[in-house]
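There are 2 protein chains.
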Amino acid sequence: MAQAFERVVICGLGLIGSSIARALRKHGLAKTIAAYDRGDVPARGLSLGIVDEASDNPAIVVGADLVLLCVPVGACGVVAASIAPHLDQGCIVSDVGSVKQAVINQVAHHIPAGVHFVAGHPIAGTEHSGPEAGFAELFDGRWWLLTPTPDADQAAIDRLRATWEAVGSKVEIMPPDHHDRVLAITSHLPHLIAYTIVGTATDLEGHIQQEVIKFSASGFRDFTRIAASDPVMWRDVFLNNREAVLEMLGRLHEDLGILARAIRVGDGDTLHDKFASTRAIRRSIIDAKQA
Amino acid sequence: MAQAFERVVICGLGLIGSSIARALRKHGLAKTIAAYDRGDVPARGLSLGIVDEASDNPAIVVGADLVLLCVPVGACGVVAASIAPHLDQGCIVSDVGSVKQAVINQVAHHIPAGVHFVAGHPIAGTEHSGPEAGFAELFDGRWWLLTPTPDADQAAIDRLRATWEAVGSKVEIMPPDHHDRVLAITSHLPHLIAYTIVGTATDLEGHIQQEVIKFSASGFRDFTRIAASDPVMWRDVFLNNREAVLEMLGRLHEDLGILARAIRVGDGDTLHDKFASTRAIRRSIIDAKQA
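So the protein sequences, as listed, match chains A and B. Each residue of the first sequence is one higher than the last, beginning at 1 in full-length UniProt numbering. Each residue of the second sequence is one higher than the last, beginning at 1 in full-length UniProt numbering.
Honestly, I wouldn't trust all of these hints.
To spell it out: a stretch of chain A is covered by chain B in this simulated footprint if at least three of its residues, at any positions, have a beta carbon under 8 Å from a beta carbon of chain B; those stretches are [what the hints assert, rightly or not]:
1) 188-198
2) 206-217
3) 230-242
4) 252-259
5) 266-276
Think of the hints as simulated: they come from the structure by calculation, not from any bench. All C-beta atoms, glycine included, are put in the ideal place defined by N, C-alpha and C.
Extracted from the complex, chain A is given alone in its bound form:
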């Protein structure tokens, strides 16, 4: 059983932040849970009953032994700068961003000595956004990757591992640049493609566009769900994982050229062999219980 934190402050009460609040409460992992956000989000968080305190004042992190940055990747540096003067000695700071090297670059230099920063990324989410969209079971059975820098505090790493395992996640530790390459192909590139293909359909001539929506088949339907994800979050992911995404996009582009040529010249064997080989990957994912 993981030891409960005295005071957890969640900076950014969106889908992920509010799901963490709910999960920590459900599993008794925090005595007090507070939220730092802006606009009407603090009030919404309080009225949902998922946090004990909420404010748009960064001083709300005073007294926290765990602070989690749950904002879009591009906002992590600004939020870290705003809370930094109020962080207590011994506090653990982590985040949930889908890109890790850029977050470390933006956040680490703001963290005061005696405060322990360990970057992290739960591989979980839905296409919905906002504090109302969260749920306590979001992380159940999913990976939660930690990407500590070489100088990170081992006790902080261990405590985060125990906490995220307690909410049901499987925790693994990897270097931040490696994380960013793996996620570029498993998550960032699929989202980019889904956004693109749905956008292509949006730009079709009016008559056919209506029918695309009306007769939306399974492939396109899945893409529209992916392409309904939060635009700010995803803008920041692409801007902050530029090199890995563009490298993987280059590989995809080559492979798409091979298939396009096979279609053009009527080379059925190439198409069949390619399509048959991808079935094996699906089988591996089902076997790995990630389907």
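Given the structure of chain A, go ahead and fit chain B onto it with the hints provided.
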């Protein structure tokens, strides 16, 4: 209530054919249901109890008032040729292919005078294949498109409409070439992209490939499901809807270039605007109850 057929013969007892057999039986729409297939499929169909008769002999269509071609698009012509000498006068012949103009080109000239051919396409399916994978509810609430040629028999069109409505589908009639353009963007292109991106991942260096499977995030996971679809069916779709698929691929390629450039130069506004606009399409699809 649709009038029941005396004898329905399903040519090709895969996911779609076996689902049709189950749906016709469930709704009392056929007195006798027979299957024409090869290898061990006739025996499997009989042992599943979803057909009354099954054979690898095309003469099984003798006496049928409805024959359905449920084989990959590229095999429709061959199957039509094999059954044509055995078709009774007044019989209705239809199909379920994902491409319509090419099927009509391959099938129509084999159909004897006095037999009524009306091409069709239920927009329904799963990534699973074979007679065991079918289920009676597959077509419930889904579109079933009919693409009759101008000389098609109106009574045959009306009877097919009534039959597919009786299994729960919404039926619409459209020209075959229009069907092929709409499906190119809603179904064929998404499948091509999914096959490609999963293939790209398959070709990564061994170490990172293992991690791609292990940490498969939601985007990639959805793509692998799509890319697990039947390779022969999809090879035939691309070979037989070449022009529309390549045209849509060209448009996608242009749009992907715009996003790639925005990532490269750090143009966050372009990314955000594009990602925000695709949310609206998702909303339209949910409103159209196709999600």
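A quick look at each hint next to the structure:
no. : hint    : result
1   : 188-198 : holds (count 11)
2   : 206-217 : holds (count 8)
3   : 230-242 : holds (count 8)
4   : 252-259 : holds (count 5)
5   : 266-276 : holds (count 7)
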